[in-house]
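Turn these sequences into a full structure, and let the hints steer you where they fit.
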Amino acid sequence: MHIVQLLPELNQGGIERGVVELNRELVARGFRSTVVSAGGALVPTIEQDGGTHLTVDICSKNPVTAIARALKLRAALAEIAPSLLHVRSRVPGWLTALANRSLKLPLVSTVHGYNSVNCYSEIMTRGERVICVSHGIRDFVREHYGVDEARLRVVHRGVDLQAFANSANPEPLTSLQDTWSLNRPFVLAAGRISPLKGLDLMIEALSDPRLSGLDLVIAGSAGTRHGQHLQSLHDLIASRSLSDRVHFVGSQSDLVPWYAAAQAVVSTSRKPESFGRTLIEAMALETPVIAGRHGGALEIVRDGENGYLVTPGDRQELVEALAGIERLQTAGLRSYVQENFSLARMVSGILAVYEEVLPCTSC
Numbered sequence: 001m002h003i004v005q006l007l008p009e010l011n012q013g014g015i016e017r018g019v020v021e022l023n024r025e026l027v028a029r030g031f032r033s034t035v036v037s038a039g040g041a042l043v044p045t046i047e048q049d050g051g052t053h054l055t056v057d058i059c060s061k062n063p064v065t066a067i068a069r070a071l072k073l074r075a076a077l078a079e080i081a082p083s084l085l086h087v088r089s090r091v092p093g094w095l096t097a098l099a100n101r102s103l104k105l106p107l108v109s110t111v112h113g114y115n116s117v118n119c120y121s122e123i124m125t126r127g128e129r130v131i132c133v134s135h136g137i138r139d140f141v142r143e144h145y146g147v148d149e150a151r152l153r154v155v156h157r158g159v160d161l162q163a164f165a166n167s168a169n170p171e172p173l174t175s176l177q178d179t180w181s182l183n184r185p186f187v188l189a190a191g192r193i194s195p196l197k198g199l200d201l202m203i204e205a206l207s208d209p210r211l212s213g214l215d216l217v218i219a220g221s222a223g224t225r226h227g228q229h230l231q232s233l234h235d236l237i238a239s240r241s242l243s244d245r246v247h248f249v250g251s252q253s254d255l256v257p258w259y260a261a262a263q264a265v266v267s268t269s270r271k272p273e274s275f276g277r278t279l280i281e282a283m284a285l286e287t288p289v290i291a292g293r294h295g296g297a298l299e300i301v302r303d304g305e306n307g308y309l310v311t312p313g314d315r316q317e318l319v320e321a322l323a324g325i326e327r328l329q330t331a332g333l334r335s336y337v338q339e340n341f342s343l344a345r346m347v348s349g350i351l352a353v354y355e356e357v358l359p360c361t362s363c
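Counting from 1, one number per residue, gives the positions in the sequence shown under the working numbering.
In case anyone wonders, no lab produced these hints; they're calculated from the structure. Be a bit skeptical, because a hint or two may be false.
Here are the simulated lysine to any residue pairs, SDA-like style, with alpha carbons at most 25 Å apart [what the hints assert, rightly or not]:
id	residue 1	residue 2
1	Lys72	Gly30
2	Lys271	Val249
3	Lys104	Arg126
4	Lys104	Thr65
5	Lys104	Asp57
6	Lys72	Met1
7	Lys271	Ala344
Across the chosen pairs, the derived CB separations fall in these ranges [unchecked claim]:
id	residue 1	residue 2	range
8	Pro195	Gln329	30 to 40 Å
9	Gln162	Leu71	35 to 45 Å
10	Ala97	Arg327	28 to 38 Å
11	Ala75	Glu47	34 to 44 Å
Note that this is a predicted model, so its numbers are computed, not measured. Built from N, CA and C at the ideal position, the CB exists for glycine as well.
Take a look at the structure:
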């Protein structure tokens with residue numbers, strides 16, 4: 001079986017990491033794996049893991065060049081003759097649809113998020129099977145696009161339990177504390193800094209007197225797009241006299257020591273997250289979580305047991321959850337992730353979907 005995954009670029013991000021992990025696991029299980037993208041920092045990883053990368057511009061949204069790029073993609077696919085195409089994003093979805101008109105290769109798509117409902121996004125529902133990363137996404141796709149239930153499959157994202165494991169060596173944790181002057185217990189917010197992430201609510205909650213012994217670490221970048229929002233967060237921190245308790249550490253290539261050192265990982269997103277990968281990564285390291293009561297978190301967090309669910313935007317509920325971190329169970333968190341959200345489980349689920357659409361001679 002020869003699988004081709006298609007995505008815009010291979011740089012940092014949740015979709016990109018998922019593609020890299022699936023490529024590695026496909027090769028490990030004896031399958032041939034190819035990834036098509038416009039390139040990026042993770043291309044060497046694809047190749048080091050035994051996969052093949054084809055560079056085709058399936059990233060640009062320029063309609064003027066779309067036909068030429070679709071023809072180039074068709075030629076590349078015809079040459080390698082894959083068993084199945086797996087589309088991961090909308091621009092690749094449209095270009096693949098054009099390229100595959102004559103090739104007629106089996107097609108699977110994955111819907112990764114609550115994208116705007118329109119004809120542009122609808123392309124992601126045209127696969128012979130449509131993988132949804134949560135039941136919430138499945139319901140969203142069914143409601144807004146009328147996709148037949150028989151074509152929808154839920155496969156939760158998975159965490160690589162070998163990569164996300166506690167180390168007996170205390171040196172990384174000590175290094176974090178020394179480098180960033182972390183002298184108090186802290187909670188961690190990881191991910192892109194944007195208005196939708198609700199970090200202002202987290203900062204406001206931290207100003208409550210009951211949380212005076214707790215710091216906040218924000219691991220992520222605002223980029224050029226959200227620079228103004230980042231400045232507004234700094235202004236809020238200064239106005240609440242929290243400059244010594246809120247730490248911006250930038251994007252971190254390795255979050256394992258941060259997860260392990262945190263008292264909890266917090267997601268205060270104003271909009272539902274499609275799944276919540278940071279939540280299961282934290283749990284794999286026996287760290288409890290706090291998340292908004294919506295989206296994928298509803299399928300991960302057992303409220304009051306392995307974490308807390310709070311009403312999105314409710315500062316008081318967030319304060320209560322942060323004040324009650326020590327009451328949460330942590331001993332069974334890793335086992336919970338292993339049983340429900342492991343990388344092996346995810347890969348098996350995706351392979352089962354592939355087998356549904358492949359002729360038995362290709363299995």
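Compare the structure with the hints numbered earlier in the document and write down the numbers of the violated ones, lowest to highest.
Numbers 1, 7, 10 and 11 - these are the hints that the structure violates, sorted from lowest upward.
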